[in-house]
Structures are given as C-alpha cells and as structure tokens.
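Colleague: Listed here are the chains, written in short residue letters.
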Amino acid sequence: MEKQAWEELVQRLIQQGVLRSPKVIRALRRVSREPFLPETVKSSVAVDSPLPIGFRQTISAPLG
Amino acid sequence: MVSIMDETLELEAGQLVLEIGAGSGWHASTIAEIVAPTDTPKREQGHVYTVEIVPELAEIARKNVERAGYRDRVTIICGDGSEGYAEKAPYDRILVTAAAPDIPKPLIEQLKTGGILVIPVGGLYLYQTLVRIRKKDNKIVKENLGGVAFVPLVGKHGHRL
Numbered sequence: 013m014e015k016q017a018w019e020e021l022v023q024r025l026i027q028q029g030v031l032r033s034p035k036v037i038r039a040l041r042r043v044s045r046e047p048f049l050p051e052t053v054k055s056s057v058a059v060d061s062p063l064p065i066g067f068r069q070t071i072s073a074p075l076g
Numbered sequence: 005m006v007s008i009m010d011e012t013l014e015l016e017a018g019q020l021v022l023e024i025g026a027g028s029g030w031h032a033s034t035i036a037e038i039v040a041p042t043d044t045p046k047r048e049q050g051h052v053y054t055v056e057i058v059p060e061l062a063e064i065a066r067k068n069v070e071r072a073g074y075r076d077r078v079t080i081i082c083g084d085g086s087e088g089y090a091e092k093a094p095y096d097r098i099l100v101t102a103a104a105p106d107i108p109k110p111l112i113e114q115l116k117t118g119g120i121l122v123i124p125v126g127g128l129y130l131y132q133t134l135v136r137i138r139k140k141d142n143k144i145v146k147e148n149l150g151g152v153a154f155v156p157l158v159g160k161h162g163h164r165l
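Here the protein sequences come in this chain order: A and B. The numbering of the first sequence is my numbering, which starts it at 13 and goes up by one. The numbering of the second sequence is my numbering, which starts it at 5 and goes up by one.
These aren't lab readings, by the way, just hints derived from the structure by calculation. These numbers come from a predicted model, not from an experiment. Hints may contain errors.
[As the list claims (entries may be wrong)] Just a few of them, taken from the derived set where beta-carbon distance is under 7 Å, the chain B residues facing chain A:
#, residue
1, Ser28
2, Pro94
3, Asn148
[Said to hold, decoys possible] In silico EDC-like pairs for lysine to aspartate or glutamate, Cα to Cα no more than 20 Å straight-line:
#, chain 1, residue 1, chain 2, residue 2
4, B, Lys139, B, Asp96
5, A, Lys35, B, Glu87
6, B, Lys160, B, Asp96
7, A, Lys35, B, Asp43
8, B, Lys109, B, Asp96
9, B, Lys146, B, Glu14
10, A, Lys35, B, Glu14
11, B, Lys139, B, Glu11
12, A, Lys54, B, Glu70
13, A, Lys35, A, Glu20
14, B, Lys109, B, Asp76
15, B, Lys116, B, Glu70
16, B, Lys67, A, Glu51
17, B, Lys116, B, Glu16
18, B, Lys146, B, Asp76
19, B, Lys116, B, Glu91
20, B, Lys143, B, Glu91
21, B, Lys139, B, Glu48
22, A, Lys35, B, Glu63
23, A, Lys54, B, Glu147
24, B, Lys139, B, Glu87
25, A, Lys35, B, Asp96
26, B, Lys109, B, Glu147
27, B, Lys67, A, Glu46
28, B, Lys46, B, Asp84
29, A, Lys35, B, Glu91
30, B, Lys116, B, Glu48
31, B, Lys146, B, Glu11
Glycine is no exception: its CB is placed at the ideal position from the N, C-alpha and C atoms.
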C-alpha cells in the first residue's frame, strides 16, 4: 500500500514538472521516505509535506 | 524540497557531496543513489558526507542510512555544519537543509572551483530564499531560486537562537 502511494507521489511530481531528470526520478523511486520516518508519522509517508522527526526538526517534503 | 534541491544541484555519478543538516538521513540517501549508484564500479562512486548538530538525530540518521543500505556511501558526522566539514574538502556539491542568516564563508571555501552550493538564506521562520551559488575561477555567481521555508541553521555561522 505504502509502496503504491509513494509511486503515485513520484508520478505526480513528474507530471508537475518538479522531477525532470531521469537520475533524480530513479533516485526518488528507489529511496522512499518511509524507512526514514519515525513510527508516529509513518502513515503520512506520501503526504507531500514536511513531517516532524523530533528535536524540533523536520524531514523535508518530497516537493513543498 | 528534496526533489527541487536534487534537480537544482545538477548531481552526477562520482561527485563528492557535503550536506549540512542530516536530519533523518533521507535526503543524503537520495543523493547517494545518484552520485554513487550501485551499478557503478566502487572506485568511480561518489560519496555523501552529512553533518548533523543534534547528536540524537545523528544517531537516528546513522541507523536509518544503514537500514536503507547506504552506509558505505553516506557518512554522518555529528558537529557544527555551519563550519562545513574541512576534513574531506573540497566538494563538488554542497547543500544546506536549514536556513542560514547569510552564506557561511567556510562553505564557499570548501567548494571546488566549478562546484555548486544550494542554500536557503533568510530570517528565523521568516521568508527565506533558496540560493544557488556557482563557484567560478575568480568569482561567485549567485541565483535566487524562489521562496522556501526551512528550520534555522544553528552554529557559529548560523542563527543565534
């Protein structure tokens, strides 16, 4: 489920013209944000928004 | 932001990259996938050094990077990234994932001629601009890429909180 949601997000970023070069597209496809998220926010993996990772810091959004 | 920055950095296989602000380790891992793809011979692979000032986060990033399979291509250093990481300088590319009050001088110094630095510059939680610097022979070429919102860069050349 999460894998599919991530692929949909990558597709959206391609359609929006944010992801352009094949190298970056390949990298984003292969490195999902999911394994880098704390358990508390894992379900939001494909939400295109920064998410809290503790210590008043955030993990960047795929796009915005 | 990761997509925008990765596109903006003009990354190529074999490059030596410095990131300031490892956070979770995700961004550094996406860069490693480009500069050090697994289908490239080891000696032609680039490397990502990433500096994190929060010790607990550096530890989390280390675990995340290891679990994701990038331990050999991403090195996490716990320290003040506003001073860069002189030990492995100069770098082909430098990115800063926190907003600085101004461009820290050590980062310009640690950039190779022909290198690119991407950094958000601006006030504390206020309007910030994503800036791309190209270091040429005797000059620095600066481009403004638009408004962004990042957590503040802290440290000697960062914001005083």
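Colleague: Can you name, in rising order, the numbers of the hints this structure does not satisfy?
Modeller: When the structure is compared with the hints, numbers 2, 3, 5, 6, 14, 15, 18, 20, 21, 22, 23, 28, 29 turn out to be violated.
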